[in-house]
Structure formats: structure tokens, C-alpha cells
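S.K.: Using the sequences provided together with the hints, build the complete structure.
Residue numbers (this note's numbering), protein chains in the order written: chain A, 39 to 470; chain B, 39 to 470.
In case anyone wonders, no lab produced these hints; they're calculated from the structure. A couple of the hints might just be wrong.
The list makes no distinction among identical chains, and a pair is therefore deemed to hold if it is satisfied within one copy or across any two copies.
[Stated by the list, open to error] Within a straight-line C-alpha distance of at most 27 Å, the following computed DSS-like cross-link-like pairs (lysine-lysine) qualify:
hint	residue 1	residue 2
1	K110	K45
2	K429	K316
3	K101	K429
4	K146	K429
5	K117	K293
6	K99	K429
7	K110	K429
8	K43	K89
9	K66	K110
10	K145	K101
11	K429	K43
12	K310	K255
13	K366	K43
14	K121	K110
15	K110	K408
16	K145	K429
17	K99	K255
18	K429	K66
19	K99	K330
20	K146	K250
21	K43	K66
22	K40	K99
23	K48	K89
Every value quoted in this text rests on a predicted model; they were computed, and no experiment measured them.
There are 2 protein chains.
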Amino acid sequence: MKSIKIKEIKEHLNEEVLLQGWVRNFRKASSKLRFVIFRDGTGELQAVASKPDMGAENFAKVKDLTIEASVKITGIPQKHPHKEGVYEFHLRDVEIISSSPDYPIGKKEHGPDFLLSVRHLWLRSPRQAAALKIRHTVYFAICEYLNDHDFYRFDSPILTPNASEGTTTLFEVPYFDLGSAFLSQSGQLYLEAGIMSLGRVYDFGPVFRAEKSKTRKHLTEFWMMDAEAAFVEHRENLQIQEDLIRFVIRSVIAKNLPELQLLERDIARLKKADAPFKCCTHREAIDFLKGKGVDIGYEDDFGAPEEELITTDSDVPVFIEKWPKSIKSFYMKRDPENADLVLGADLIAPEGFGEIIGGSQREDDYEILKNRILAEGYDLENYEWFLDLRKYGSVPHSGFGIGLERLIQWMSGIRHIREVIPFPRMINRIYP
Amino acid sequence: MKSIKIKEIKEHLNEEVLLQGWVRNFRKASSKLRFVIFRDGTGELQAVASKPDMGAENFAKVKDLTIEASVKITGIPQKHPHKEGVYEFHLRDVEIISSSPDYPIGKKEHGPDFLLSVRHLWLRSPRQAAALKIRHTVYFAICEYLNDHDFYRFDSPILTPNASEGTTTLFEVPYFDLGSAFLSQSGQLYLEAGIMSLGRVYDFGPVFRAEKSKTRKHLTEFWMMDAEAAFVEHRENLQIQEDLIRFVIRSVIAKNLPELQLLERDIARLKKADAPFKCCTHREAIDFLKGKGVDIGYEDDFGAPEEELITTDSDVPVFIEKWPKSIKSFYMKRDPENADLVLGADLIAPEGFGEIIGGSQREDDYEILKNRILAEGYDLENYEWFLDLRKYGSVPHSGFGIGLERLIQWMSGIRHIREVIPFPRMINRIYP
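M.R.: Shown next as C-alpha cells:
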């Protein structure tokens, strides 16, 4: 008898096959009829267990099934009598591989603390599995777009001697006789070395922030894609970001419709975001917020409520560009039209999902960059190599970073970031 | 005038175009003729600078070029008069974007310490760029194979509360009020939770070993792919590994021929490895080594010289399977035919490149696994969640891990591991 996967079911109609997987759920219809939902990672399937068809002995085994027991089942896949594109599995026999007594996640509501403490089991729940399948798609949609546009993957180091984004939120690691290393918060600076060799590069790995924030958008360990391109200036940088995000939207809709439906994502709204993005300056955004009665100044950053307000009336993401240099990183290039501004932009997703990209053209002038580093009070010694990139064949270049989990939150509509990464790390959570 | 990339050159023959990139090298042929090699990340190009063609003023600018200066060049691409598939660029004008005085890497031989101290510049050298392009291919060939075979990407955490491979080589990180976290050495245990949800999963990220080894095969931070699959047993596990590695070989040969040639890789030998792999038991391997006069016992692991001997006469990689349980990890499943052995296998690459994969079927029995953990002296509390996976719907399952850098060493023929990762981290090296 052929052993198949649930996703192959429609190629084996009316043929006796073997499936291996887990019991998602079951329901007693009558003393002679039960329905069991099986899953195997490639899909889910409703099996019909009929006592007259199976015989009393095999039917008795169906009664012993428990939620999350692992099983081998044999039977015959058939088209659902009424529902187009739906298949049923007519059970012949069931063999329990391993039981699952008192599976701790039940139908009742559990609090997040309990669910996080059994994250290794919670992962099996339909919403969690759906989120992780969308994560897979988003990850590779980003890679596919970049690979198709001359970007090489260039893994920046995690253990670093210095910080690119300030020093208060760093995890410190004792490193042999060399003192301390710090866990990377962004690979960007390293990518700027990479472009001088390969033209366009990106990394896509874990980054770390020892932030004491405990919100639905914060993890201490999360995944970040940093891209960097030589000879790309501010405006083209935004265009690459827009094309990339729109490609991700289309990929998720094409590949994860069942998951989006299960998560009750408003797919029409997601589709609407696949249109030309809007762009305004930081100053215009502040003026808009002031008009809405927000108490905010021209040198202020935005919080979540402001980001939400800015996109309230927009179907598409909004770039906010040209920020005051006082609130942005030292490596951003100054706006040639106004030395107080930098050619940076944040991309704010609609529907209240907030910032999904931060990027900028980079300062490519040796003297200006050196003075920016000194003005920040950083130790010049740590940045000698970074300054070298402006000493030997400097070129105009730009880049941007995408927080993977925040992008998945938007794509999936999942409100809390802890549900879009397999094992979330938070200020109070390191286990399992 | 159209701005193009070097890789597009053959679509623009006899048309005046603009290129942006860096000066790789130059050569004076006569007082009126110079050759300049340009590169832009997408390729390299020889430009012909002829004083009669360019005029004296523009020709003078060519004389000012230095190695690694960044430039805009205009000119006309043409077919090489004699060499098939080779293109020349007839220079019209040159504009220096940024000079590169006293570029520190010259034509003379530099020692590895110096080159590592300028890794941010060394990356531009032809061999280094070639290695990183092969790295890109190997990374995505692994992903492509797995994605096409029902594996979902499942990012395991880096910050972990416990160790999967002993505790002497862990990097320790203070973690808020929770005490210490440890940098992951392998995501495998987490993947075993993932398969219970998604069937087949893999991770592919940085792992860390605080090993004091200083060899050409050791990094403290390297990239590892861990794959895990439900309902896959020992023999099928080896087949998946073989198919995957052979797919990687074909991908590298298909996509990186120029890089392999530049690195003087013996491509014929690489091609020969794309054939059915060999397999022997650990005991057979020991017998073979004893026959060669090696002083080794039946409970011993192999070192690099032994691995090299084992594959001396083999064109293809060799699996060494069924290891004594005393020298392998606690989670490996015992051989049903011999309780002293485990169903683990290492894959040894030919040509002296050593181990590239370690894998095994996993212990899926709750009691046996619990006793193995206790016998190792590990704290059971740290493994409660891992044991849960055997309590609730346990299934036979297997997995394996590939050290990315070691696989790239073999594919590229590069002898030292420090050259196949952008910024190598070693016991004495954290900068840049």
C-alpha cells in the first residue's frame, strides 16, 4: 500500500493509501459514525469512520484516539459529495504510534503565560502553524526579490566589537582574552564593506536588543534583513523597498491563502496595499499630526499612536523621509538641500502595524562621517575600518533594514509578535 | 546615455554606455595605450584606453587612476577580436568618483594576520569575492532542495537556557533577571518541536562554539543548517542528505564556473562526487584504519588525519554510520540490533575536506531518552519540554546538520575556513 502525504491526496482518489500524522480533533456523530481531523504538516484532512464500513474491531480503535496522538491510518480518499475541492478520507484502519494522554492544550482559553510555557506544544495549534507557514513565505519572498535584483547574501557577524545603534541595549558576551563582544543589533556597517566587493549585498539573521520594553511589538531576539547597494541614491532606495514589499504581499497572497483565511486576515485590505506607496517628509508628517491635535515637535520621533494616525486614511504604506539629523543615526547622509536633515526614510505599514522598514542613503564623505562619529561621542578606534570604506574608492550608496517579525505581523494580521517566531525571547522569557 | 552593469555588456555591443565601479588593476602597454580592469560586483571587464581614440585630455585622466578608485566610465563594448565570449570596453572617458590613495593591499604577498586586520578591504580581492559568490549559491541550493521537499524554514532561537552538546564550549550572556542565557550551538532540539507541527523543518543561522581550537577548520561563530523530519528513519535520512549534497554540487558547478576556475578548483573531481555515496559502519572504518597501521580503538572518534585516510580512495563522500553510543549525543536513537550503538552517521567529504554533515535518527521513546539525559548528568529540568515531545504523539524522526563553511570549503577548494565567511570570528579575532 502506498504511503502518501495529505497534500497528495487528490492524486490518489479511490485508492487505498497509508497516511501518517497526528489527530487534530474528533467528533462523535452517532454510535456508528465518527469524524476525525488528521494533520501531517503538509495539510489537514477529515476522515470518516463508519462502523459498518470498518468493522467493529477497527471502529473500536477510533474511539481510543486522543488529541495529538500520532497515528498511521489507512483508507480511501474520495471527493467530498457536495463541496468542490474538498476531500474526505474513508477510514479502513487506525494504528496508534504513540498516545497523547492529557494533552495540556485544550479547547478552553489559555492565558499567554501558560501558552508560552508550552510553546513547544502550542506550535501545533492551527493559528501558530499558519503563522509559521506565512513566515516561511515572507522570508523567501524577500530573498527571491533580492536575489533576482543582483543582491548577494552576505552574512554579517553576530559577535561584534562595537555598536551601530548606541550602547544601552547591548547584550555583552565575555570573549576569550579579547575582553567583551556584543551581540549584533544590525549588520549594516559590515554590509557597507560588502558592497565594495559585490556591488549589492544583504544579510538576514538574528539581531538582539537588550531592551526592557514589554510590548506586543518587542522581542529581545528577532530576525532582520539588511540590504545595501552601491550606486543607489535616496530616491532609488525607496523604489527598491516599495517593489520588494509589494512582491512580498503578492507572494503571501499567492502561497498562503488557506493560512490567511484561517487567521481571518482581511485579504482585500492586504491586496489594496499592493499599489504605489505614499511619501511625505518628516516635517509634513509632524504638521499633519499637529493638525490632528497631537502635541509633538519638529525634532520628535513617532510612537506607535502617531504611526497609526499617519496611515489612518491610507490603503498603502507611507514613507516618511528627510528626518532631523538629531534623531537619526550618524551614518545617514545629509540632505544636500538642508544640512539639518538626513536622507533617511521609515516605511509605515497601514492598519496600525507601524514601522516595517528603516533605511537611508549613507554618508560617503570621509570627513563628514568622521565628524559625525566624534559628535556622537563614539570611540573613533572602533570605526577606523568603517571610515576606511570612505578612504578607498567611496561611492554613493544606500540601504535599508526590514524587521522580519513586524512584516509578518502585518502580512498575517497577527496582533502579538510572540506568535510569529518559533520560540520568542522576551525580557521575562527564555524557556523553552 | 544608458547606465548599465558589466553583466549586461553583451546586450549593448557597439553602443555608448556608462558603467560605475572600481579599478581592479591597470597596465601600461605603451605611451598611447593602457589596459584597465574594472569591476562592479556583477562582473569584471577589460577596458582599452587608446590615446588616439580618447584624445589627450581624457587619456591623461586614465593615468591618474589608482587601484580601488571608484569611477564612472563611458565607452563602447565590443566583442574581443580573437576570444569567443570575451568583451572589451573601448574607453571614451573616465570620471573618478573617489580616489584610493595608498590602498593597503598590494600585489606583494601579505600574511594572514594583516589580511584579517583589513578584512573589510580584503573582501574585494578576486579570490575572496569568488568565495562569497559560491557561499551565496551553496546557501540557497540547500534552501531550494529543502523547500522543494516539504521542509519549512523554522528559525530556532540563539539565546537558549540550556546546551545540546555539552557545556564547556558555551558563550554565556547575562539575561535580565533570569540569570544567564547561552548562545546556541545547534537548533536541533527546537526543530524536533517544529516537526510535530509542520512535519519537516530546518533552520539556517549562526551558531557559536567557545572552543579554544585554532585550526584551519575552526570558527567561534559559523553558520549551520539543521534539518529535521517526522516519519523519516535512519536509512531515508542518509538518502535525503545524499540527494541534498549532490544537488548542491550541481548548483555550484552550474552557477559558479568562473569562480571555481579563478580559485583553481579541480572541477572534474567535484563532478565525480555527484554519484552514489559510500557507507560503512564506524566499526568497519576502525578496522580499515587499523589495517593502515593507525593506533585507534573501537570506541574512538576520528580526527582530521583519520577522516582523510577513510576517503583517500573514494571519489564520493562516505557515510560512517552506527557509532558507539559512548561517543555520540544522548538524543540519538539506539540501534535496535545492538543497544551499544546509535543510528547516527557522519558524512565525510573526499579530498581531505573532512566531516560536512552529522546526523541521526532521534530517540523517540520517553523512558529511554529520560535515562540517557540522567546518565549524561544533565539537569532534567532543562529538558522537560524536550521530553514532552515524546509524551504527546511521539513519532519516529531523524535529522542532520550541515556546517555551511565546511561545505563551502569543499565546494570551493579553499583550504582555510576564514576565507569563506565575510567576517571570521576566531579565538584571537573579533575586529573588524
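S.K.: Confirm or reject each hint.
M.R.: Hint check results:
For a Cα distance limit of 27 Å, the shortest separation of K110 from K45 inside one copy, 16 Å, qualifies, whereas the shortest one across copies, 53 Å, does not. When the C-alpha separation of K429 and K316 is checked against a cutoff of 27 Å, the pair qualifies neither within a copy, at 36 Å, nor between copies, at 52 Å. In the homo-oligomer, the alpha carbons of K101 and K429 lie at most 27 Å apart only across protomers (20 Å), although the nearest pairing inside one protomer, at 75 Å, exceeds that limit. Taking the shortest alpha-carbon separations for K146 and K429, only the inter-copy value of 21 Å comes in at or below 27 Å, while the best intra-copy value is 63 Å.
In this homomeric assembly, K117 and K293 come within 27 Å of each other (Cα to Cα) only inside a single copy, at 23 Å, whereas the closest approach across copies is 44 Å. Only between protomers do K99 and K429 lie at most 27 Å apart by alpha-carbon distance; the minimum there is 20 Å, versus 75 Å within a single protomer. Taking CA atoms no more than 27 Å apart as the test, K110 paired with K429 passes between copies only; the shortest distance there is 17 Å, against 65 Å inside one copy. For the homomeric pair K43 and K89, the shortest alpha-carbon distance inside one copy (25 Å) is at most 27 Å, but the shortest distance between copies (69 Å) is not.
When the C-alpha separation of K66 and K110 is checked against a cutoff of 27 Å, the pair qualifies only within one copy, where the shortest distance is 20 Å, while the shortest distance between copies is 75 Å. For a Cα distance limit of 27 Å, the shortest separation of K145 from K101 inside one copy, 19 Å, qualifies, whereas the shortest one across copies, 78 Å, does not. Taking the shortest Cα distances, K429 and K43 sit within 27 Å of each other only across copies (24 Å), while inside one copy they are farther apart (58 Å). Taking the shortest alpha-carbon separations for K310 and K255, only the intra-copy value of 24 Å comes in at or below 27 Å, while the best inter-copy value is 51 Å.
In the homo-oligomer, the alpha carbons of K366 and K43 never lie at most 27 Å apart, since the shortest distance is 51 Å inside one protomer and 32 Å across protomers. Taking the shortest alpha-carbon separations for K121 and K110, only the intra-copy value of 26 Å comes in at or below 27 Å, while the best inter-copy value is 63 Å. Only between protomers do K110 and K408 lie at most 27 Å apart by alpha-carbon distance; the minimum there is 25 Å, versus 66 Å within a single protomer. In this assembly of identical chains, K145 and K429 lie within 27 Å of each other by CA distance solely across copies; the values are 19 Å between and 63 Å within a copy.
Within a single copy, K99 and K255 get their C-alpha atoms no closer than 46 Å, and across copies no closer than 54 Å, so neither meets the 27 Å cut-off. Taking the closest pair of Cα atoms, K429 and K66 come within 27 Å of each other only across two copies (25 Å); inside a single copy the shortest separation is 75 Å, beyond that limit. Taking the closest pair of Cα atoms, K99 and K330 never come within 27 Å of each other, the shortest separation being 65 Å inside a single copy and 57 Å across copies. When the C-alpha separation of K146 and K250 is checked against a cutoff of 27 Å, the pair qualifies neither within a copy, at 32 Å, nor between copies, at 51 Å.
Within a single copy, K43 and K66 get their C-alpha atoms as close as 25 Å, which meets the 27 Å cut-off; across copies the closest is 66 Å, which misses it. In this assembly of identical chains, K40 and K99 lie within 27 Å of each other by CA distance solely inside one copy; the values are 22 Å within and 73 Å between copies. With identical chains, the CA atoms of K48 and K89 are at most 27 Å apart within one copy only, with a shortest distance of 25 Å there and 71 Å across copies.
Hint check: violations occur at hints 2, 13, 17, 19, 20; the rest are consistent with the structure.
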